[in-house]
Every structure is written in structure tokens, then in C-alpha cells.
Amino acid sequence: MNESITYTLTELCETAGVSERTVRYYVTQGLLPSPGTGRGVRWGQEHFERLRLILDLKEKHLPLAEIRHRLEAMSAADVSSLLANQQAHAQASSAADYVQQVLAGMRPSSAPSPKKAARKRAATSAPAQPAQQVVTRSTWERIDLDQDVELHVRRPLSRAQDKRVQRLLSAARDIFHEEKS
Amino acid sequence: MKLTATIDRRYVPSHRSCHRHVKVVVQAPEAQTQGERPPVNIAFALDRSGSMGGGKFRLAQQAVEQAIGRLDPRDRFSLVVFDHAVETVFPSELATPRARRRALAALARFGPRGSTNLGEGWLSGCGQVAAHLSDASVGRCMLLTDGLANVGIIDPPTLCHHATQLRDRGVSTSTFGVGHDFDEQLLGSMSDAGGGAFTYIEHAEQIPALMDQELGETLEVVARSVVLEIVLPTGVTVSPVGPYAVEVGDGVARIRLPDLVSGQLLDLPIKFGFPKASRGHELRLDIRVDDRGGVLEGLEAAVEVGYTDRDTNRAQARDVDVDRFVAERYAARAMQDAARLNRDGDFRGASKALRSVARRIQRYAGNDVELTQTTTSLEHEAEEYKVRVSVSKRKADYAVNQATSSARAPSGKRQRWSG
Chain B
1 MNESITYTLT ELCETAGVSE RTVRYYVTQG LLPSPGTGRG VRWGQEHFER LRLILDLKEK
61 HLPLAEIRHR LEAMSAADVS SLLANQQAHA QASSAADYVQ QVLAGMRPSS APSPKKAARK
121 RAATSAPAQP AQQVVTRSTW ERIDLDQDVE LHVRRPLSRA QDKRVQRLLS AARDIFHEEK
181 S
Chain Y
182 MKLTATIDRR YVPSHRSCHR HVKVVVQAPE AQTQGERPPV NIAFALDRSG SMGGGKFRLA
242 QQAVEQAIGR LDPRDRFSLV VFDHAVETVF PSELATPRAR RRALAALARF GPRGSTNLGE
302 GWLSGCGQVA AHLSDASVGR CMLLTDGLAN VGIIDPPTLC HHATQLRDRG VSTSTFGVGH
362 DFDEQLLGSM SDAGGGAFTY IEHAEQIPAL MDQELGETLE VVARSVVLEI VLPTGVTVSP
422 VGPYAVEVGD GVARIRLPDL VSGQLLDLPI KFGFPKASRG HELRLDIRVD DRGGVLEGLE
482 AAVEVGYTDR DTNRAQARDV DVDRFVAERY AARAMQDAAR LNRDGDFRGA SKALRSVARR
542 IQRYAGNDVE LTQTTTSLEH EAEEYKVRVS VSKRKADYAV NQATSSARAP SGKRQRWSG
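From first to last, the protein sequence lines are chains B and Y.
Using the numbering used here, you'd call the opening residue of the first sequence number 1 and step up by one each time.
Using the numbering used here, you'd call the opening residue of the second sequence number 182 and step up by one each time.
Bound conformation, chain B alone (with noise of 0.2 Å):
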């Protein structure tokens, strides 16, 4: 970790996108160590991640008291791995990835003449239509859970499947982690 780069409380707010009041609150929580008190006091990096994983884990909806339970068995270097892997994954599963996979799936069976789609349009009165056969494309994402470990996932998943896998990684870090601490 860089302990050489430090943050005011603005600059840290600025950076990760939340409002001081968010990180004072954290602060009054036991989410988010104290960096001390005085003027021209200075957050470290390793607040700086911490707040980064809080707001991550709040994306997922967790609560704040299991967001804190986590955060308390986590050292520093625990929370950059976390962070560096959970932030692998977030871009993996993008907007803009979605948007890409499932356009990547349509276009080849779409888009047939106008006429023929007009033709077609006139003679349906209810929108009720059968889905058009969609042929997606898959691709396998390759995901580390620890040294010589590894989990392959065939993605798109469907979002029951998509949050499984995402219970099973929790569980997994968390027996790798059990097993190192």
C-alpha cells in the first residue's frame, strides 16, 4: 500500500464521490478509523480504500452493521485485495458490457426489410408477440479466488444465477481469507 499518498477531507470526498457528511457519519459508525483530530489532518490511502470497499458492499445493499462486522476482521492489505478483485469484477459486469453482450446477441437475427417488418406490423393488432429467437453469444470470465484457484463462469448469466455466483464468491473469499488469517 502507498502510505505516502494522503487526502484533506475534501480531496478524499472529491476522489471517492461521496459527501463529507457521508464520511463523518462512517467515522461516528466505526465504519471508517478516526485520522485523528486538528487542523491540516490527513486521511490515508488506507481510508481511502476502506471507504472505497464500504461503498462497494452498500452497492450490493448490504447494511451498514454487516458492512462494519466485515470491515473489523479486515487488515489493510485484506481490504486492497478485496477491493482489487471486487472492482474486476464491477467492470466485467458493466452497463457497458451488459449493453454490448446483449446487442451482440441480437444482431445477428434482427433487422429484416422494411416492407416485410411494415407488412408484419399492420397485421398484428395486440403487441402480445412471441419473443424473437435471440442467439446470444457467451464468453467465460476467468475469476482468481486465491493462488492456483480459480472459478469459470459462462457469462451472460441470468440475474438469479448472476447472484448466486456472486453468494458463492463471497464464500469463497471468505474460507480463503479464514484460512490465511
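No false leads were slipped in.
Facing chain Y, according to a computed beta carbon distance under 10 Å, are these residues of chain B, among others:
{"no.": "1", "residue": "S19"}
{"no.": "2", "residue": "V23"}
{"no.": "3", "residue": "Y25"}
{"no.": "4", "residue": "S93"}
{"no.": "5", "residue": "S94"}
{"no.": "6", "residue": "A96"}
{"no.": "7", "residue": "Q100"}
{"no.": "8", "residue": "S158"}
With a cut-off of at most 20 Å between alpha-carbon atoms, the simulated EDC-like pairs for lysine to aspartate or glutamate come out as follows:
{"no.": "9", "chain 1": "Y", "residue 1": "K452", "chain 2": "Y", "residue 2": "E428"}
{"no.": "10", "chain 1": "Y", "residue 1": "K183", "chain 2": "Y", "residue 2": "D502"}
{"no.": "11", "chain 1": "Y", "residue 1": "K567", "chain 2": "Y", "residue 2": "D527"}
{"no.": "12", "chain 1": "Y", "residue 1": "K594", "chain 2": "Y", "residue 2": "D448"}
{"no.": "13", "chain 1": "B", "residue 1": "K163", "chain 2": "Y", "residue 2": "E428"}
{"no.": "14", "chain 1": "B", "residue 1": "K163", "chain 2": "B", "residue 2": "D174"}
{"no.": "15", "chain 1": "B", "residue 1": "K163", "chain 2": "Y", "residue 2": "E410"}
{"no.": "16", "chain 1": "B", "residue 1": "K163", "chain 2": "Y", "residue 2": "D349"}
{"no.": "17", "chain 1": "Y", "residue 1": "K452", "chain 2": "Y", "residue 2": "E410"}
{"no.": "18", "chain 1": "B", "residue 1": "K163", "chain 2": "Y", "residue 2": "D431"}
{"no.": "19", "chain 1": "Y", "residue 1": "K533", "chain 2": "Y", "residue 2": "E565"}
{"no.": "20", "chain 1": "Y", "residue 1": "K594", "chain 2": "Y", "residue 2": "E398"}
In case anyone wonders, no lab produced these hints; they're calculated from the structure.
Quick caveat: nothing in here was measured; it's all calculated off a predicted structure.
Quick reminder that beta carbons are idealized off the backbone N, C-alpha and C, glycines included.
Please build the complex by placing chain Y on the supplied structure of chain B, with the hints as guidance.
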């Protein structure tokens, strides 16, 4: 900024399971200054199919001109048009004066033609937003169409699934249906799933004003990815009345709410199921709100419920304000169902859906004038829905009641507790 929760009745019977309704009200904070708003990242996905002729597409172009004129260089925008094919007229850029001029010049080269690949047009708009999405910005795709999705992805549940997935990833969807030929159920469901708003535009001349209304509210968003969290005691079930998805896990129910605008009042009824328990037993439902930026951090409310004997349960007072509120939302949902069934030719089913809710409300209406008016109105509508209603009535009824179900005014505007 406030969170309140009020239950219709304080006690539940100990000898049998039962349900109660809770009115939850979230009051979003007011943005103090214009400069405080988060930047927006908007895509306009415009239908340019042949039916958009006769001035509609020109008015949509005018609406876009008006809309992007309200953005400032912190914001991003993009333009996509679709008929049977999809064209990105203007890829996402910061809304500088030069970019706005170039975008309008590019859009002016397009006119109406072809059929409607709504799915791909909308997804391409979302893709433009997604390509430049940041944690700090409000991502939204505004889809305007006057027709049915008849090319590409046309299955409503599939489109709604994508809308939910994109909303979860930071891109919400607002929809605008123009005229009489679009599918209001599809556009309404897409906006519900996508966390935005649905607007019915009966006359093309209203396009600029109504798109401007929705854009104006998008510019006022103060809280994003809002979730209501309820700690559920063992055996208690939860079911929101309205277009809100709920997930339950680890003893906590999480209800996803739409983005909240400055000073917005969002009220929703939640139905809770309570199991049998011994007399004197007390339960507490702890409720809090969470959002991406922590703007609503610290808002909490609680509801206490006591188990009692049969007679005390029957004799207890009801909160009439909650009863009226809950009745209004069930009535709105019944009207949406009736509009769908009537469209599909199931007139008997449409009428039955309305009468069934009227009867349920009548059971607890007593002498209350407002509740009685609600049941009378539903009975009246049940008569009308016994035969095919006009397209404009059906669409207007659906739009008004979809707005009511989503805690918006009949005009589609968000309700405000301030100003």
C-alpha cells in the same frame, strides 16, 4: 429530509396469521443550489419510423434541441434514432455549445421512415450512456416512440429484464409514448423496471413540453440507487404495493426505489404478513433508507406491532389516512390491470378486476366519504370496462394510474414535499 412509517392498525390477532399495511414516506432533501446537482449523462433514443411523420419527428427534434439547451458542459448527451435499423446520430459528448450545435445539425439530416426496432434503438442509447458512466453522474436513456416494437427484441418481459439490469448498473430509463399506436403496457413496464418515468403524449404538440418536464426532473436528482431496507422479524413477510422490486435475504427486505429528485415526496404502501404468536408478544419493524451517495444516510423509522386477542383486535381503531392511501394504490393497480385486459379483449376480466378491488375496499370503508368515493368510482369504471374502451381513454387511464402507483402526480410529475 425525513422517513416515516405508519401502520393501518397497531394490533394483530394472536390466534391466526394476518396482514397489515404500512404507509412509508421518504422525503428527499432539497438541493441547495443549482451547482450542487450531479452531472447527468443522457441519451435520447428517438423513433424515426414511418409513423413518426406528419410533424411528430420534427417535434421530437425540437424537444431534443430544447432539452440539450438545458445541459451544461459538465453533462453528457448522445442521440440515437431507430426505425428498422439503428443509427447513432451523435455519440456521447460533453454538452458544450459546439457539441450541441453539431448534434442538432446531425439530427436535422434525419427524417421518418421504416419500421420500429425499439429494443435495439433503446439499448444503443443506453450503450452511449454506459460508455461514459461515472459514479458521480446520473445515467438516463429517454426513449420516445409512437409505435410497437416489431423488429429485434420485441418480447416485453425481455425488454423489462434488460431495463432492470441496466438500472442496476446505473443507467435508468424513461419512456414517452406518442399518439394511439404505441404499447403503453410495454413503455410503462420498461420505465418501472428501469427506474424512470413513463409519459403519455396524446398530441404531438406536447412532445417538447413533456420531454422537457422529465429532463428537468432528471437534472434535479439528489439521491440515486435508493433502497428501502426493512429488518424482518422471523416469519414476517413483505410485499410492496406498486412497481417496486423486493429482495429478501439474511432477514432483511430490500425494496428498490427510483432516483429521488430535490424535495421529492415518495410514498409507498407495503403489505406485511404476520404469523400467529402468543398474546402480548411485540414485534418491531426497523426501516431505513440507503442510497449510492449516502445522501439519505441516517434516515430511520420503526413500526411496532402487538399481538392481542380477537375482540381487542376487532375493536381497535384504524388509521383512516393509511386506509385511504392504500385503497388509492390498489385502485390504481386495478385500473392498470383493467386497461391491459380490455386491450387484450378480456372485457369480463377487466370489469371483474375492478369490482373485486372495490369490494375489498368496501369492507373497511365504513362511513368514510373518500373511501366510498373510491369504491363508487371503481364500480363506475367496471361498467365502462365491460366493453372495449376507446384507445385514448385506455392509454390515459393507464398513464394516470401508472403515475399514481409510482407515487407521482397524475401529470407524471414527481410529488414534492417542499415548494
